[in-house]
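**Q** Spelled out, the chains give:
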Amino acid sequence: MAGSTLHEGLAPLNVASEQKSDDAHGYYVLGDKLVDAKAPTGPIKDRWTTRKFENRLVNPANRRKLDIIMVGTGLAGGAAAATLGEAGYNVKSFCYQDSPRRAHSIAAQGGINAAKNYKEDGDSTFRLFYDTVKGGDYRSRESNVYRLAEVSANIIDQCVAQGVPFAREYGGLLDNRSFGGVQVSRTFYARGQTGQQLLIGAYQAMERQVAAGTVKQYTRHEMLELIVVDGRARGIIARDMVTGEIETHLADVVVLATGGYGNVFYLSTNAMGSNVTATWRAHRKGAYMANPCYTQIHPTCIPVSGDFQSKLTLMSESLRNDGRIWVPKNREDCDKDPRDIPEEDRDYYLERIYPSFGNLVPRDIASRQAKNVCDEGRGVGPVVGDFRRGVYLDFADAIARMGRQAVETKYGNLFDMYARITGEDPYEVPMRIYPAVHYVMGGLWVDYDLQSNITGLYVTGEANFSDHGANRLGASALMQGLADGYFVLPNTIRDYLADGPFPKVAEDHPEVVAARESVEARINTFMSMNGTRSADSYHKELGNIMWEYCGMERTEEGLRKAIDMIRELKADFWSNLRVLGTADGINQSLEKAGRVADFIELGELMCVDALNRRESCGGHFRGESQTEDGEALRHDDEFAYVAAWEWGGEDGQPVLHKEDLIYTAIEMKQRSYK
Amino acid sequence: MKLTLKIWRQPNPATAGAMHTYELDGVSEDMSFLEMLDVLNEKLNTSGEEPIAFDSDCREGICGMCGLMINGQAHGPEVTTTCQLHMRSFKDGDEITIEPWRADSFPVLKDLCVDRSALDRMVQAGGYISANTGSAPDAHAAPVEKKKADRAFDVATCISCGACVAACPNGSASLFLGAKITHLGELPQGQPERYSRVVGMVGQHDHDGFGGCTNIGECAAACPKEIPLDVISQLNKDLRTAMVKGR
Ligand SMILES: Cc1cc2nc3c(=O)[nH]c(=O)nc-3n(C[C@H](O)[C@H](O)[C@H](O)COP(=O)(O)OP(=O)(O)OC[C@H]3O[C@@H](n4cnc5c(N)ncnc54)[C@H](O)[C@@H]3O)c2cc1C
Ligand code: SF4
Ligand code: FES
Numbered sequence: 020m021a022g023s024t025l026h027e028g029l030a031p032l033n034v035a036s037e038q039k040s041d042d043a044h045g046y047y048v049l050g051d052k053l054v055d056a057k058a059p060t061g062p063i064k065d066r067w068t069t070r071k072f073e074n075r076l077v078n079p080a081n082r083r084k085l086d087i088i089m090v091g092t093g094l095a096g097g098a099a100a101a102t103l104g105e106a107g108y109n110v111k112s113f114c115y116q117d118s119p120r121r122a123h124s125i126a127a128q129g130g131i132n133a134a135k136n137y138k139e140d141g142d143s144t145f146r147l148f149y150d151t152v153k154g155g156d157y158r159s160r161e162s163n164v165y166r167l168a169e170v171s172a173n174i175i176d177q178c179v180a181q182g183v184p185f186a187r188e189y190g191g192l193l194d195n196r197s198f199g200g201v202q203v204s205r206t207f208y209a210r211g212q213t214g215q216q217l218l219i220g221a222y223q224a225m226e227r228q229v230a231a232g233t234v235k236q237y238t239r240h241e242m243l244e245l246i247v248v249d250g251r252a253r254g255i256i257a258r259d260m261v262t263g264e265i266e267t268h269l270a271d272v273v274v275l276a277t278g279g280y281g282n283v284f285y286l287s288t289n290a291m292g293s294n295v296t297a298t299w300r301a302h303r304k305g306a307y308m309a310n311p312c313y314t315q316i317h318p319t320c321i322p323v324s325g326d327f328q329s330k331l332t333l334m335s336e337s338l339r340n341d342g343r344i345w346v347p348k349n350r351e352d353c354d355k356d357p358r359d360i361p362e363e364d365r366d367y368y369l370e371r372i373y374p375s376f377g378n379l380v381p382r383d384i385a386s387r388q389a390k391n392v393c394d395e396g397r398g399v400g401p402v403v404g405d406f407r408r409g410v411y412l413d414f415a416d417a418i419a420r421m422g423r424q425a426v427e428t429k430y431g432n433l434f435d436m437y438a439r440i441t442g443e444d445p446y447e448v449p450m451r452i453y454p455a456v457h458y459v460m461g462g463l464w465v466d467y468d469l470q471s472n473i474t475g476l477y478v479t480g481e482a483n484f485s486d487h488g489a490n491r492l493g494a495s496a497l498m499q500g501l502a503d504g505y506f507v508l509p510n511t512i513r514d515y516l517a518d519g520p521f522p523k524v525a526e527d528h529p530e531v532v533a534a535r536e537s538v539e540a541r542i543n544t545f546m547s548m549n550g551t552r553s554a555d556s557y558h559k560e561l562g563n564i565m566w567e568y569c570g571m572e573r574t575e576e577g578l579r580k581a582i583d584m585i586r587e588l589k590a591d592f593w594s595n596l597r598v599l600g601t602a603d604g605i606n607q608s609l610e611k612a613g614r615v616a617d618f619i620e621l622g623e624l625m626c627v628d629a630l631n632r633r634e635s636c637g638g639h640f641r642g643e644s645q646t647e648d649g650e651a652l653r654h655d656d657e658f659a660y661v662a663a664w665e666w667g668g669e670d671g672q673p674v675l676h677k678e679d680l681i682y683t684a685i686e687m688k689q690r691s692y693k
Numbered sequence: 479m480k481l482t483l484k485i486w487r488q489p490n491p492a493t494a495g496a497m498h499t500y501e502l503d504g505v506s507e508d509m510s511f512l513e514m515l516d517v518l519n520e521k522l523n524t525s526g527e528e529p530i531a532f533d534s535d536c537r538e539g540i541c542g543m544c545g546l547m548i549n550g551q552a553h554g555p556e557v558t559t560t561c562q563l564h565m566r567s568f569k570d571g572d573e574i575t576i577e578p579w580r581a582d583s584f585p586v587l588k589d590l591c592v593d594r595s596a597l598d599r600m601v602q603a604g605g606y607i608s609a610n611t612g613s614a615p616d617a618h619a620a621p622v623e624k625k626k627a628d629r630a631f632d633v634a635t636c637i638s639c640g641a642c643v644a645a646c647p648n649g650s651a652s653l654f655l656g657a658k659i660t661h662l663g664e665l666p667q668g669q670p671e672r673y674s675r676v677v678g679m680v681g682q683h684d685h686d687g688f689g690g691c692t693n694i695g696e697c698a699a700a701c702p703k704e705i706p707l708d709v710i711s712q713l714n715k716d717l718r719t720a721m722v723k724g725r
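Chains as they are written, first to last, in the numbering used here: chain D, 20 to 693; chain F, 479 to 725.
Since the hints were made in silico from the structure, they are not lab data.
We treat Cβ as the ideally placed atom computed from N, Cα and C, and that holds for glycine.
There may be inaccurate statements among the hints.
These stretches of chain D come out as covered by chain F in the derived footprint (C-beta under 8 Å, 3 or more residues) [what the hints assert, rightly or not]: (1) 150-158; (2) 454-463; (3) 549-556.
If you want the footprint, here are the derived chain F segments under chain D, 3+ residues with CB under 8 Å [what the hints assert, rightly or not]: (4) 501-513; (5) 601-609.
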């Protein structure tokens with residue numbers, strides 16, 4: 020923690036920012052400032068303990084009378100369903116896949132952070148906290164992040180007790196690795212399948228509760244609307260994706276753990292079904308969407324190979340430890356066999372620009388520089404659209420240095436995956452990589468208790484905005500999902516439930532009927548439009564707009580253009596969509612139509628948010644805000660706030676509520692990797 | 479390349495299905511098998527025919543959502559999932575038959591989608607370690623021999639796709655079961671429930687109509703995660719011990 024001093028957290032270290040620019044003028048309305056009413060004070064290390072103590076308890080005999088709706092069965096939702104079921108509440112769990120275990124958490128490869136300090140290398144709760152806030156470019160809430168670091172160690176204990184087979188050393192103890200450029204080894208992993216093993220642990224714990232009768236699981240069910248009665252979230256409308264039936268589910272509290280919305284870009288490393296529908300429907304019912312433009316673009320993905328491409332595949336960041344990234348110096352060389360390009364004609368651009376960090380610069384920088392060289396026309400691989408989207412990740416030096424055998428032991432499964440997808444042998448020819456959308460830091464606004472601004476609506480995991488600021492460090496999303504699910508939510512939700520059970524809501528309550536009818540009306544519109552284009556074709560078009568103008572680098576001009584394009588696309592979608600088949604059974608085109616309709620609206624809000632934030636921070640790089648040598652320039656004096664957007668109505672403009680970020684334990688500093 | 483596709487179409491569980499033939503031109507060898515079906519679906523939508531329903535989610539071989547019988551082979555000709563199969567495994571002019579998983583315990587829902595909820599039910603019947611949240615001792619309290627930890631991991635990579643069931647002439651889920659029994663049974667944490675687990679899971683397996691294992695080995699040959707056949711020996715061994723112990 021060079022140059023940083025420890026602060027207990029007793030006094031503010033910065034003043035609230037004051038925005039001078041107003042790039043998004045005309046696209047939004049400025050609302051009141053937002054204050055997290057649950058924000059704890061006092062020494063940072065005591066805040067969570069105090070809050071846990073203050074939160075009221077629910078008598079065990081009362082728990083079975085309390086109904087909880089849990090949408091999502093990933094790490095955040097699965098862990099919470101299991102834990103709340105064990106505590107004796109009545110949980111209804113929903114997911115759109117055919118089994119809870121298929122939530123996209125399953126795809127996480129690298130690992131999970133925890134401040135165990137098993138390696139005695141100087142790690143601590145404070146250091147993990149510090150790294151996470153700094154990594155997030157000082158745009159996250161310090162109390163939340165400290166709590167995350169604090170409970171991280173318990174996660175590992177819990178998972179091991181469930182039988183998660185983490186990697187071990189010969190002595191039988193757990194192995195750790197260093198990940199994402201940090202200087203300590205705090206990442207626990209299970210080969211390249213950490214997410215899978217953690218999720219299976221949570222899933223099995225949840226299935227145990229299904230057998231015990233505390234959790235009822237609804238698979239192949241998609242939440243399509245939130246029910247709000249008298250200002251409280253009281254249920255959801257879900258569609259049984261097999262029978263097509265529109266179902267009403269009522270409860271005392273609703274939790275959304277529905278994952279991220281990276282698929283707004285069409286191509287991403289997310290699953291095909293990952294969507295924003297659950298959170299967007301809640302947003303339209305009044306829940307604020309915070310920092311929607313904060314997107315993480317991962318530098319090492321397998322490049323797009325053609326127009327038919329349906330998703331992108333991530334390859335672990337660990338490859339950058341030994342591979343060297345380069346492109347040809349001259350455009351004329353771009354279609355040559357890379358092995359025929361002599362050393363002096365290669366540009367190892369990361370090593371050139373960032374001599375001290377080289378190929379290990381943070382994700383946002385590595386991604387942006389790859390885009391820059393490709394935009395200059397020096398990309399490699401097939402021409403997709405109008406240029407080549409790829410850079411080399413070359414292991415020739417590593418193979419010469421370590422021997423092929425050692426490279427195979429370390430990266431064999433990744434090399435095999437690459438070979439399977441591309442048909443090329445990475446031991447012989449350099450790999451090609453390109454950045455891809457991977458994670459979203461934005462999400463529904465929540466307070467310290469993970470409750471949204473709608474009473475009784477809680478949001479956990481990637482679906483909320485809380486812990487990663489403008490950029491997420493590797494191996495910290497799994498940590499957040501399980502922290503929220505096992506330890507945070509179960510402790511905060513009880514304070515709310517202590518006032519329950521709430522008066523029963525009848526299925527014919529006007530709000531319930533209205534929610535249900537709006538879902539049915541929307542489905543009828545989709546089914547009867549009878550236009551000419553598939554939902555997928557609109558999704559692709561939206562993705563191109565987002566990637567081009569709201570991707571790695573955003574400019575005022577580009578964002579304005581994007582907003583116009585999205586509005587046109589939306590109008591066309593609602594007049595020219597074609598969904599065939601019927602609504603009373605499996606209909607994947609219908610499912611897709613609903614998701615794309617919501618992505619289009621989200622896309623517009625992301626552009627407005629990006630337009631307003633005239634600064635570069637983390638994953639959000641604004642062309643107008645850079646240093647002389649092209650590095651990101653943050654403006655703490657203007658933008659050290661969370662942008663929480665309120666739905667402005669069908670024809671209205673979104674309303675911006677700012678929550679000031681005031682640090683008491685860490686001082687804000689500009690990042691530098693040169 | 480140009481392909482002739484024979485695809486099972488069935489509107490719903492109650493209506494009989496049949497094979498339909500489609501011609502598809504312009505298939506690139508870089509496409510994944512499912513992207514090839516996406517392209518066909520886009521064409522069908524344009525021509526006014528309802529697209530074919532098939533399951534997939536992660537499309538990177540880990541969630542277990544996809545799964546098709548391709549020319550009679552579960553997940554097709556390579557040792558991988560359907561979503562990770564690429565068209566370079568086929569050639570111009572090929573005729574490809576595409577069907578859903580065929581097993582009594584996996585009823586067809588529509589076209590190529592089946593109901594695999596029986597796999598969840600087996601897990602509910604004991605495929606877990608009981609450890610309530612908050613009750614765990616420090617993770618280093620019980621070291622695990624690396625060999626055992628590695629073996630547990632190897633078999634824990636099962637993705638619950640159901641290919642083993644679809645490939646088995648008896649429709650047995652023994653490979654899936656054996657993988658879970660071995661994963662939890664290798665670890666010290668899994669010992670207390672080891673024998674009740676096997677009895678519970680096998681009971682549910684039989685109850686849901688999965689067939690018995692007659693050592694044919696088609697399951698392991700079809701498994702995209704290369705779960706080895708010897709997990710079934712482990713399963714049988716644990717089951718015998720459980721019987722002797724009278725649990
Ligand atoms: C390829 C990849 C690799 C990654 N690697 C790492 C890593 O190494 N380390 C790390 O820390 N993080 C990693 N991440 C990030 C991390 O995996 C995710 O952020 C995290 O797992 C999200 O968990 P979650 O529980 O919030 O959501 P998910 O696991 O995405 O679960 C969402 C759940 O919500 C349900 N759902 C969604 N919408 C609806 C709806 N409308 N109706 C009903 N149900 C719905 C889904 O069915 C699912 O059950 C990776 C991400 C990806 C994509
Ligand atoms: S054992 Fe193999 S084939 Fe069977 S469900 Fe698991 S991964 Fe699929
Ligand atoms: S779609 Fe996830 S394994 Fe194939």
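**Q** Hint by hint, where does the structure go against what was stated? Just the numbers, ascending.
**A** Failing hints, ascending: 1 and 2.
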